[in-house]
Each structure stands twice: as structure tokens, then as C-alpha cells.
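Chain P is fixed; fit chain L onto it per the hints.
From first to last, the protein sequence lines are chains P and L. Taking my numbering, the leading residue of the first sequence gets 1, the next gets one more, and so forth. Taking my numbering, the leading residue of the second sequence gets 1001, the next gets one more, and so forth.
No incorrect hints appear here.
Below, computed lysine to aspartate or glutamate pairings styled on EDC-like, alpha-carbon distance capped at 16 angstroms:
(1) L/1031 / P/25
(2) L/1131 / L/1055
(3) P/31 / L/1025
Worth flagging that the hints you see were computed from the coordinates, not collected in a lab.
Number of protein chains: 2
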Amino acid sequence: MKPAIVTALLLAAALPTQAAPSAEDQIRFRKAAYSFISWNMGRIKEQVADGASYDPQQVQAAANAIAGVAGSGLGALFGPGTEQSVGAQKTRARPELFSNLPDVARLGQDFNKAAALLAEEAASGDKARVKAAFGQLGRSCKGCHDKYRGD
Amino acid sequence: MKPAIVTALLLAAALPTQAAPSAEDQIRFRKAAYSFISWNMGRIKEQVADGASYDPQQVQAAANAIAGVAGSGLGALFGPGTEQSVGAQKTRARPELFSNLPDVARLGQDFNKAAALLAEEAASGDKARVKAAFGQLGRSCKGCHDKYRGD
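With the rest of the complex left out, here is chain P (with noise of 0.2 angstroms):
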């Protein structure tokens, strides 16, 4: 199959088969999950910096919440209506990321499994390890926001 049709299945695979929440409602779940996923960012940041004493049970925990937030289908949360900011919730989506959900379900799959490769460096214990996936993780993030996040 083309590259194209395969990341359209696999968008299609991660859509929701329940009833979905109001776009109002997406929109601020959905940042909810990328505001918490920063929180836990900014944790690993401050303990995988050069010198920092490395306290593994905190990299673990935080590196967990985020491959749990990371894995849980945000997907289901970009849907019909959430283009443009809803009542109280602004976003800071482009139009263009609902453009070309081919190429942002594709970016969802690589932060996905950036995500469960740093929890796994995490469980490790391994500082450099964890950093390394840390740098990749950071990467997969900014490589979205570049293209489908605004001011």
C-alpha cells in the first residue's frame, strides 16, 4: 500500500467507535493533555541536565504519565468543529493540521512511540539512555508544533 493510504487507515484506526465529547470540550481535553504532558517534560528536563542529581522514581513516574497521555487516542480529540477556537476554549491549531490529518496521524504515531521508548529508557534507570529518548521525544513534539501549532 502506498505510505498515504496506510497512515489513512491508521487515523481511521484511532478514531473512536463511542459518542464524542462536545468540540468545545475536545479542544480543552486536548490541551489538558499537552499542558500536563509539559509538566512532566520540564520533570525529566531538570533531571536528565548535565550535573543534575538523577532521581529514577520521579523519571519514571513522569515518563509514564506522559507515554499513558501519549497512547490514550488523542486523535479522537482534533475531530469536526475543533478547527477554530470554541466558546471559552482557544486553540492553537492551524487550519492546516486538519488539512492533512494523513501527515499529523503519521507525526501522532512517531510521539506515540518516542513516548513508550522513554518510559521504557525510564524503567532502565539509565541517565544517558533516558536522555537520549528524552532528545528524541522533544524532537517529535516541536516537529508538530513547527508545522501545526500557532502563536
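Just chain L now, kept in the frame of chain P:
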């Protein structure tokens, strides 16, 4: 040891060794955590309803997300200065929460355990067992809300 001492030690163990986010950010991140959990609780609630078709993958994704967030060390987001709303961040936490931290830590541990059990049952794919664990987790949420969450 007396239970109060044990819970105080558990709380101390849950405290971060890292630089804490600002009080406003702590409130922002903890609200994000509970908001994101609420989405995932809603997803599982739909799945375990009588007569609903059960999608084990959806339930597992949602349960893993809840367990990851619950186990992330949320106690670190209830630091000094977060007893009331700060800047744009409104909090519904009651003042009683901050004068009963050992009790809150105990409820937090129960919540964490119930979330871990739900993730375990979700991995089994057994709807009845998931439903029981989901009910237990819901009661754990309510136990804390009734005591420490305002309107």
C-alpha cells in the same frame, strides 16, 4: 508506626526533589490532570454500560492514561501558595485539603492503587472485572471530591 506517621512519610516520599513550578502553574497542571482523567473516565463509563459494545483497546488506552496520570506524583502540584486561586487559575480545592495533608495523601494512594488496578483489569479485557474496578476508582474520586473539592 501510627497511621498518621506512615501517611506523613508517604507524603514526604511523594514530594519532588525538583524545583516546583509556580503556584499558578501547579494549579494549571493539576487541573489539566483531572480534566484529562475525566475524559478518560467518561470513555470507560460508556464502554462498561449495560448493553454497550465493549472495545477492549479503547478501554485499555483510557485506563493506561488514567493510571499514568494518577501515578505521576500529583501531590507535588498542591504546594504552598496553591490553597486559593492564583492569577487566571481558579481552584476548587477547599482550604481543608491543605490542613489535612496526611488524609489527602492516603486518599491519593487509594486513588493511585485503584487506577493501577483498573489498568490491570483493562489489560485482561474482561468487561465485568473492568466495570468493578471502574466503580472502585469512581468511589475513590468521589471520596476526595466530597471532602476536599468545592463548587
